[in-house]
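Asks: Protein sequence lines correspond, in order, to chains A and B. So for the first sequence, the numbering used here puts the first residue at 1; every next one is plus one. So for the second sequence, the numbering used here puts the first residue at 235; every next one is plus one.
Don't read these hints as lab results, they were simulated from the structure.
So these bits of chain B aren't anywhere near chain A, every CB distance computed over 12 Å: (1) Q328; (2) T401; (3) L550.
When the alpha-carbon atoms are kept at most 20 Å apart in a straight line, the in silico EDC-like pairs for lysine to aspartate or glutamate are as follows: (4) K236/B x E132/A; (5) K358/B x D426/B; (6) K381/B x E403/B; (7) K358/B x D405/B; (8) K184/A x D210/A; (9) K236/B x D88/A.
Glycine included, C-beta positions come from ideal geometry on N, C-alpha and C.
In case you want the letters, here they are:
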Amino acid sequence: MSTAATNGALVHVDNVEKVFQRGSEQIHVLSDLNLTVPKGEFLALMGPSGSGKSTLLNLIGGLDRPTKGTVSIAGDRVDELSDRKLADWRARHIGFVFQLYNLMPVLTAERNVELPLLLTHLNKAQRRKHVETALQVVGLGHRMKHYPRTMSGGEQQRVGIARAIVTDPTLLLCDEPTGDLDRKSGDEILDLLTALNREHGKTIIMVTHDPHASARASRTVYLNKGQLSDKPLL
Amino acid sequence: MKFLPLIWSNLKRRKLRSALTLLSIVVAFILFGVLCAIKHALAGGVSYAKANRLIVRDKVSIINLLPETYKERMKRIPGVAAASHQTWFGGHYQDQKNFFMQTPVVPEEFLEMNPEVTMPEDQKKAWFTTRTGAIVGKSLADKYHWKIGSKIPIQSPIWAKQDGDHTWEFDLVGIYESSLKGADQALLFRYDYFEEARQVAKGKVGWYTIRVQDAQRAAEIAKQIDREFENSSSETKTEPEGAFAQGWASQVGNIALITASIMGAVFFTILLVTGNTMSQSVRERAGELGVLKALGFTNNQVVTFVLAESLLMACLGAGLGLLLAWALTARGDPTGGMLPLFSMPARDLLIGAAIAVALGIVTGIFPAMNAMRLRVADALRRI
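Make the full structure from the sequences, and use the hints.
Replies: Okay, here's the thing in C-alpha cells:
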C-alpha cells in the first residue's frame, strides 16, 4: 500500500477524472478534480443533479475507482487497493449514511447496527455493548428491537447513522441524509451530524441539495460539470 | 455462526414464497424416501442373499415344477452340503388382501438351510411331530394376533386338497424370528402333509435351495447341477441366491431405472423451482447486497451468504421430508403383505442428505455468482 503525502489533511483527491462508458458514448463526470478535506471538518458538497456529487462520494468511499488521478484517505491510496483490501479498508475507515437509509428490512434496529461489527473480532457481548452505545448516541436506545418498517423516516435515518458510527470510522460519508425527510426530522438528523462533528470530532462529507443543510457544515464546496468551486454557479 | 441470523432472516423475507419452496422440497424428499422403501422392498431379497447358497429352478420358467427326486441327486454332487425345496402356495388368510408368503418345507432341512431363522426348541419339536403344524414369523403372528395353538385357515387358489377343498387348515406350533429385518413374515408348513393332501402335481416342488461347502466354487457347482439334469424332462437353471432374488424382483420391471427416472424428474423440477426462488430473491435485494459490500463485506462473504441461504433451504426441506418419509415407512408394509421388506434403509438417508447438499449448491451457485459480480455503485443506484 503506497502512502501519499497528507499535509495534515485526511482526504486528498488529486487530479481525478471519472469517465463512464455508455455504449459507444463516453460520459465525463469528473474532470481534473482536486479536493482536500482536513481532519475534523464538516464539508458540504452541493451541486445540481448529475453534477457528479455521488460519484465523487463513491470515489472517496472506495466504492468506485477513478479513471485518472489519485484518492488518498489518511495516507492510504484508495484507488490502488484490490477489491478485497478495499472492502477491509471500507469496514475500518468509512461510515456511510444513505438518502434512503438502506436498512435491512428483515433485521431489527440492533441487528442492522451490528452488521459492520460482524466483520470485526468482537465477541457477542462486546458487539452488543457497541450497538447499545451507538443507538444511545442517536437517541434510539429504547427502540433496539424494532424493525425499520415500524419506525418513522427520521428514526430509520438515525439507525442508519448509528450503523455508520458503530465501528468508529475515520470518515463519515453522507449522501443526501435529509433528502427523504421532512424539515423537522431533517433538522434532527443535521443536529445529530453536527454533534458528531463537534463533540466526537468526526470528519464528515455530506452531499446535499439543500442550502439549509449545507449551512450546518463548516465549509461548502460546489460541483458543476465535473469541476469544484468555493462559490455556487449562478 | 454470527452470520446465521442474517441468513435466516433472509429466508423469512418472503414467508409465503419460502414456505411454498420449502414445501415442494419436503414433498420431493418424502417421495424419494417412499420410492427408496419400495425399491428396497422389491429388491431387498438380493441384499439378504448368501454367497454360499444357490437356487435351482426349472430352466424354462419358475412356474414349472421340478421333481422332488432331484434332491437326492443334487446332494450327491461333490461340493453340495445341503438341499431343501419350497413351493409357491399363493394363498391368503380370510380375505384376499391378507396376503403373505406361504410355502411347504421339510422342517429339519429348512431350519438347517436357514440358520438366521430361530425359535424355541420345544416349538421346533412340536413342528417336527405335528403333521398339520405350521410356523409363522413373529411380525405375522403379531399382525393377526395368532398364538401357539391357533388354527389358521389358508385359502389357496392354486392348490386344492383331494376332496377339492381349497381351504387348508394349519395348527400353529411355532413362532420364529429372523436376524434378517422383514424376513419374519411367512407361514411355513410341512411338505409331507402338503404332498399327501394335495390333489395334483404330486412329487413336484417349486424350487430348490442348495448350500455349497465352498462359496468360491458356487459357480462351478451350479454348472454341474444343470449338467446333471440336461436332456431330462425338467432341465434346471441354477443361479446364486442373489441373482434369483434379482430376477424375481425384475418381474415388476427394472426397479432401479423406474425409481431413478421418477426421482430424476422430481429433482429436476425442484432444481428449477428452488433455483428460480433463489434467483428472484437475490435479484430483489441487489441493493441490500450492495449495502453489505459498502459496509465492508467482501465478494466471497456475499457469495457465502447466498450459498448458505440456498443450502439452508434445501437441507431444511430435505431434513423434514426425509424425517416424514422415515416415519411413514417405519410403520411397515402398507400393502398387507406384498412388500414385507418395506422400509427405508439408512444408506438411502445418507444419499438423500447428499442430494440435499448438491441441490443447495447447484441452486445457489448462479445467484451467488451474480451477487459476487454486482458492483457496489451500480447496486446502490437500484435502491
